[in-house]
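Got two chains here, each in a separate frame; can you build the complex from them with the hints?
So the protein sequences, as listed, match chains A and B.
Here the first sequence stands for residues 12 to 1011, where the numbers follow the numbering used here.
Here the second sequence stands for residues 766 to 972, where the numbers follow the numbering used here.
The hints are simulated quantities; they were obtained by calculation from the structure and are not laboratory data.
Watch out, some of these pointers could steer you wrong.
To be verified - Distance condition first, Cα-Cα at most 30 angstroms in a straight line; then the derived DSS-like pairs of lysine-lysine:
1) A/K836 / B/K784
2) B/K941 / B/K900
3) A/K115 / A/K98
4) A/K823 / B/K784
Said to hold, decoys possible - Quick look at which bits of chain A chain B covers, simulated, 3 or more residues with Cβ under 8 angstroms:
5) 812-818
6) 828-834
Stated by the list, open to error - Which chain B residues face chain A? A few, computed with CB under 7 angstroms, are given here:
7) D779
8) S781
9) D875
Built from N, CA and C at the ideal position, the CB exists for glycine as well.
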Amino acid sequence: MPSVLSRARPLAYVTLFWIAWCAAFCGRLEAISTQKKAVLVLYGDRLSIPAMKSTEQGLMAGLSRAPPEDLEIFSEYLDLGRFPATKYGDDLVPYLRARYAARKPDVVITVGSSALELAVAHRDELFPSAPIVFANVDLREVEGKEMPPNVTGLSIAWDYQRTVELALQLQPETREIVCVGGTSIEEQQWNNEARKVLERFATRVRIRWLDKLPLQAVLDEVAQLPLDSAVLYVPMRRDGAGKSVSPFEVAQKLAEVSRVPVYGLSRSELEQGIIGGALLDFSAVGDKTAALALRVLAGEVPPALIPPDPATNPLLINWPALKKWQVSEGRIPRAATVRYRGPGLWERHRRLILVTASIFSLQSVLIVWLIVQHSRRKRVERSLRDSEERMSLAAEAANMGMWVWDVVSDEVWMSDKGRSLFGIGPETRLDWKTLISRVHPEDRATRNVELRRAIENRSEYAMDYRVLLPDGTLRWIGARGHCMNVGGNKHTRLLGVSMDVTAQKQAQDALRESEARFRDMADTAPVMIWMADPDKLCTFFNKGWLDFTGRPLEQELGNGWAEGVHREDLDHCLEVYVNSFDARQRFTMEYRMRRIDGEYRWVLDNGAPRFASDGTFLGYIGSCLDITDRKQAQERFRLAVEASPNGIVLVNAQGHIVLANACVEKLFGYRQQELMGQAVELLVPERFRGKHLAHRAGFHAAPASRPMGAGLELFARRKDGTEFPVEIGISPIQSPEGTLVLSVIVDITERKQAEAEARQHREEVAHLSRLAIIGEMAGSLAHELNQPLGAIVTNVGAALRFLERDNLSGEKLREILQDIAADGKRAGDVIRTVKGIGRKEAGARRLLQLNEVIAEVLRLVRSDALAHDCTVLTELHPAPPKVEANLVQLQEVFLNLILNAFEASKDLPKVRRRVIIRTEPDGDSAVRASVRDFGTGLPADLPERVFDRFFSTKREGMGIGLFIARSIVAAHGGTLFAENAEGGGAQFCLRLPVSKENGG
Amino acid sequence: MTLAHRVVYVVDDDLSMRKAIGRLLESEQYAFEMFTGAQEFLARGPHAGPSCVILDLNMPELNGLELQETLAKMGRVERVIFITGGASVPTCVQAMKAGAVDYLSKPFRDEDLLGAVERALNRSSEQWIERLQHKEVRDRLATLTPREFDVLKGVIAGMLNKQIAAQFGTTEGTIKVHRGRVMEKMGAISVPELVVLAQRAGIAPAS
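In isolation and in its complexed conformation, chain B is listed as follows (with noise of 0.2 angstroms):
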């Protein structure tokens, strides 16, 4: 499972600013792209990998937090870190608790900026990760028999054998037949490790 790569987002309207935030970025060979303003940075469309943002809080059209809402809004899951020419405690909170990574006031020191950088492609990476675990086991999931996934959601609520065969009115023999297929099919080595796996796919026991 490889993740693609990572990429850092800058959005200010303040040439200059952009200009060292792009430097910074670079000094420590971050891949990133710049844009103006809100309304250009919607049109590049989503990364399929590890990213955040870097948003400057004032701006015209479309300002910092109304972006991010835009964002939450559109199902995308990049981080936004903000930055801000002039701090105020209500737009900090507001933006702290719509997810941002980090409200940074102007000017601010680089390794605070690259701290905040690499804490958000950290926790966008984790995500893709579990991202992709999850479609995984989904996919295996996908592979059994009905009777195959009877026979799971049994072994991962603890029934013995001999129960799981009385439920189904069958006999012992064939559910062991079953139960090795679904061990097989997960990619399990014990049962242990096939509860896990049920659950991260958020299958119930059988009860």
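Just chain A, with the same shape it has in the complex (with noise of 0.2 angstroms):
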């Protein structure tokens, strides 16, 4: 006993007691309500899902065809795809209880499969008596499974047995199936199925499958096949590469590039131009499942399981793509209905053929009774001679050329113009042999079994084929006709007219070759695009549409794009839209659209008008574009611009200002508006204008970033006239009104006082430091003045005391004299190199980094670069260990250093007038900081000589600033020495110890 089985007969019981329970109730509420039978149709998936909204047409036509009074209809569109069972059962099927509770269905039809198991699974809750009808569950699902007690369904499933056979019946010349199929595992699922159902006709057709190749090698591969081959599109959503794809775009893209007919098995491709198949039809579906239901209800027992019925995959032929891949008409089975028949010769020139073919008629009702009548009725042959002539009148005056060819004699009749279209001249005897001569060899085949057909069926004739004239031209004939019997079989007789449609084929082709050419463009072209008929519903989106808003072409079409808009901005976008349509002018707008992962981009659309060449209003088309980013980095730099504390104006080539920050409003004293369009002279000392111009007019020759007036001070001017020092960087901006000057100004009143504060505070550095070399050199030069004054002194109390004693002879006192005016001078010596020098206190120690003191000596030494010309290149190492040092001491040594180098580099062009400073650790415990010049060097033989007292090559120098800054580095425990530098230069390195308290 099957387990579903045996688990539900307790149920059944239950299940029995609730419809016993239910009718008296039921029974009950007649007597109170009309008595409608309720249907509850639950729908697996959302309503936009094409086979849920063919299903339910389907169904809805189904179910209408009881009494409206009989039945009432709920419907619950589940969306379990998105929301699915296992994870919202618990919040749906209370849901769907309490609406039902009292108002339970009678009828419960399930669309798709996850909607049939939701109901199973929770029918005891939900609606324990009602029997369930399930809809769209594929055959696979369900074959061979036992099915609960009354539950009862129709299975679906691919037709591919009748569309392979209806393949080789349309095309009977066919040698192979080429297969295109997808790879996810439902795909592969179908294509297994397929390789079974195909293996049949193996001993016909050679097939071939490609379902493991990138979507754009199978197209490729399609656009290659041999004429006698056919393609079986199994539906595919992913491609061999692994990407996902619409199945829907493939059908259209296989239809849009084979050179052979392409087959299907949904109704849906259909539209998208396969030729046919033996196709599932959704709402076929639909109505069954109604039909079923209605005899459910009626209180039939239906088996468990019905097998997907043919008509639900009916035999379907797309006629457009029977023409264009030139397949015969004739071919078709009876069994097959034709779609999309469109237009054809006849409905084109109608009234042309009309009017042609009724006085044709007339005229060939007598012609052919002449014909026949030919021996008996020569005095009639005068008159038909004329009515020829009028018929011949009238069909060349329509171009038209007349033939009428007896089948059973093979002889054919044709007018000159008939002839003319054949390339035959008029004395030439015409039958079956010299016509199809003539015929393309491809429309032969075709031709004869047309003619055929409607000679058998006595039916109309009408084919358009090509002609080969003898020079080689090719030409397109369109030919009707119908089949007359006039005396029995003998006369079997086709009459008709021809005429040349070559025209018509070739603006037709170049149509179809412009159509597809557009669709390409348009669906690679990096915007999204629109078109909208005359009517304001929109016709075609494009794929870069479609991927943007990642919704299907369907849901856009029309109106439905209008979704996307941002509700803020709808109002306007209908309105432009619909105001520009009425006045078929161009528009121009932003609006906001959201985009397929849900944020809302803003879009630029421009819109145009279109026209036939005859001014027909055609509607319009659009593009749009994603200016998101623009627009942000629109609003980034108008804020940055306006937050800028530095005045930022943007002049356009005439000069004039089209853009000014508040900071210019501050600095200049002009309001924003005041200053649009004035000439940028206007912020300029009159003195300067002239000048300015002339530059200005450079720079636009020119155009690059620099900084203005380089090496000049330059002044601005206020509105009140008072000018102040600036600082002005200009940079060419290219923009589509032409090229734009952006310029930064800089207010430097403040830097200029601070340089100016800057200079006065190296000047008392230097005057202190003047003094603390005094301070340095009191010590070491009281030694030296101290001994010959000791001496002096001594040698005069010498003296006296030999003096005393009467002890000193003239020689003695002269040599101690001498001694004492030679030891007088030495003092004097020492006394004058200390001259002018002061006093100064050491100050205090405390914990420094390099790169500070560096920064702060070369602020004070900025003047002096400039003034040597000499540039200054920094090469600090980003966090030297800090050193415990007097500021001021160490100022001093770099400042000696600095100046020193630039003192150096005095003489030297100009390239070669650089400094180096440099600053790097030096082991673990020691910092490094060099400063290196490219002048003449240190002496050769001895370059420690400059660190000694009084050595100096400067000619104002005192010699005594090296041997300073070599004690004041000594006093920190460092040291200072020298070196000739590779390539020229001295360098002076110095070397301080890291302090203990760098910490960690």
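Written as structure tokens, this is what we have:
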């Protein structure tokens, strides 16, 4: 006993009870309400899915066959694809139970396998008594499975068998069927089923599978198939490269590129251009299901599973596709239905043909009659000739050739115009062979078939075929005729007209090509493109648009696109759209549109009306660009400009101000509006305006970012006429309005002051350092000075004592006096060197970073660098360890070294006037700084001599700077030494111990 | 007891200063010798009599303080007078602690230097005299027999002849003879004089 049933058995009793109870209850209800049967339709997905929609239409149509007063229909769209029952079932089931507690459904129809699963799983809670009828469940899912009681339904399946049969019927010459399929698990199952089915045809045709290739490769392959093949398209959602694709789009692309007919399995593919097949039609499924449900309501107990009904997979053929691939109409099986039979020659030239044909048929009856009676009725020959002439005249006027073919005698009569269409002279005898020899070889078979069909069926003959003229020209002939029997089978005749339709064919081809080209172009364009008909409804969206919104084309068509427009922008958007449409004017607007990820993006929509060459309004075409990034950039630019602490002025090529930020207002005292459109010279002091104009012209000739007036002191003029020093950087900006010049204006009043202060500070430091030098000097000079002084005093003392003892010879006195004089002179020399020297207290030490000390000093020597036209380059370690030192003393050291370097660079060419200052850690316990110039370097024999007291190469130098510097460094426990650098110049290196307080 | 002649040494690297100091010493008739540096001076060797050194503090090689230290290590007794071009308190203190007689900043008054020289030589002379006296007492003590040395220790402890005799187990007469010889050998006329001599020689009285 199968498990489902064994479990269901007790349930069945419960169900019986419920039915009995419900019957009683409903009987009572009947008394108070109209007795309608409740039908609950549970749709597994949302309605926007094409299969659901078609099924729904079919269901509703089917249910409407019951009298409307008998049925009350409830629909629930469960959208289980996006909200699976495993996750949301706990909320969904109570909801449904509550909803249908009072209105118990009499039958439950489920659409899709997910809805069936839910209904069966929760049947006891929801509607224990109601029978379930299911639709849209794949045969594979239910085949061979036991169904719970009171469940029935119609399974569906792709009909590979009949589709292939149709293909072979339409194209008997087919030698290969190329199958295209997808790679998802479900698609692989389909492909396997299809393989099994196709095996049955293996004796007749070769089967080849393209189910592992990327879509593009498939398309390339299909585009090159030989003409004796056909394509079977098994729906594809994921291609061989693992990429998700739209199965409808794939059908469309295949139909577009393929040289041979493409057969499909789904009804909706027919619109995409496939030729046809036994196409699963969900609306038919819906219709059948409705019928089944009505049977159930009527008390029938149908079998649990009804196998796929061929009616749900009707044989359908797409007329334009049939024509496109030049498949003979005559092969269409009777069971097949032809769709989209478009306007043919008849529809296009109905009036002309009607006029001609009415004349012709009148006359032709006469002609036929004349021909038949030819031998007997010579007397009417004349009138026949007359009428023939008249008829010919009419036909000539319509540019048509007329012909009559006596099938039995194989005699052909053709008007001169007709002969000229085939390039046959008036004298040549005409028969079947003569004519067929002119027909293009590829069209001969088809033409024969068509003619034969017309003769066999005694029916109309209509076809377009190609004629190869003796000079090699190809001509398209449109032929229409009909078969007439005059006097029994012996006189079967085909009468008809032919006309030259080459131009139309070419125009059709050109149109098709141009449409294909347009579509290609539109789909590859990096913008979103839409088109609308004159009724304002949109008819086309390119791939770019659909990729952006992530919605299928069907949803966007018509006014569907407006759903994606931001609510706040919708009114304005529609207003512009409608007004422009009515006025037939171009429009440009910006609005926000929802992107596939849910984010609203700003788009710039440009729409333009389309007109035919005769001026007929054809609708609109438009393109949209995502300008969110641009808008953000614009906004950021605006914010940045406004927030800039510097004045920013944008000037156009004519020298007019087009933008000025808030800071400019503050700097110059003008309001922003006052400046707009003014010449930028307004901001320049009068005395510079002339020069400024010339410079501006020069800048436009060679635009490049640079500081304005390099090397000059610039001044700007305020509204009140006062001036202030500025520094200005100018950069060209390329914009649609031409080259704009962006000027950044910095008020350097404060900097100038700071520079003046810095200079003063430097002088103070220099003075202090001079005092420091003296302090240092005093100690060392005292010894030098006291030495001769001591000797003098002692000599004098000795001389006096000799005198007292009267023991002083003249010789001795002279010696003493000479020594005293020499020492006196020596003291004088020493004193001269210390002239003007003061005393300076030694300052306290603290933690210092050499970079800071150097930065301070560089600020001090800025003007010296300028004065020496010397470039100072720094290569400072980002965070050298700190040292414990006296700031002023270290400044003095660096000041000395840097000023020396400037001095050494003084007579060099400009390129060598460089000073490089570097800091770096020297091991763990020391930090090293160096100052390097590119001058003549140190004396090669004794580089260390520069540190000697009173050694100087400078004319004005006192020669104690480096000596002092070294003693300062030594006092800090460091060393200062000099060397000649590689590549010329001197390098002074300072090494100071690192402070222990650097921490970690 | 006569002392050898007194000598003043001058060590200064500055020729001019050296010459001037030399003249000053000459004018006061001091015997002196002059050296250009510390090494030269050390090479000269010690003088066996009162002497002093005038040392320049700031000299190449060994400076004044270092030379003073070296002299002390070598056990030489020259008294030191420092002269300096640039006086500083710490070096002055160090010099005085190490026994310098004076510390003079150039230029100094001639009487200051000469006064310092005189003081230094006097101190040196006293030292020499003391050293000589000490040597004489020890020479005399060396002539005593062991028994006489023991008696000396008893006498300077203030013991009576009878007490000393009892200690050695002999007669008072014997002790009296020893005592007479001790007085004679040490050249002492009275007991107090003997006590002073013994003290100078560092002899402890018998207990």
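A quick look at each hint next to the structure:
A C-alpha spacing of about 17 angstroms is found between A/K836 and B/K784, which places the hinted pair at or below 30 angstroms, so the restraint holds. In summary, the hint linking B/K941 to B/K900 is supported, as the alpha carbons are separated by about 28 angstroms, within the 30 angstroms threshold. Distance check on the hinted pair: A/K115 and A/K98 sit about 26 angstroms apart at the alpha-carbon level, within 30 angstroms; holds. Note on A/K823 and B/K784: the hinted pairing holds, with a Cα-Cα distance of about 12 angstroms set against a maximum of 30 angstroms.
Given a C-beta distance limit of less than 8 angstroms, the hint that chain B covers the stretch 812-818 of chain A holds, as 4 residues qualify and 3 suffice. Coverage of the stretch 828-834 of chain A by chain B holds. Counting CB-CB distances below 8 angstroms, 3 residues qualify, and the rule asks for three or more. For B/D779, the interface hint holds, since its Cβ comes within 7 angstroms of a Cβ in chain A; the closest pair sits about 5 angstroms apart. A hinted interface residue such as B/S781 counts as satisfied when its beta carbon comes closer than 7 angstroms to some beta carbon of chain A; here the least separation is about 4 angstroms, so the hint holds.
With a least beta-carbon distance of about 3 angstroms to chain A, the hint placing B/D875 at the interface is held under the 7 angstroms criterion.
Checked against the numbered hints given earlier, this structure breaks none of them.
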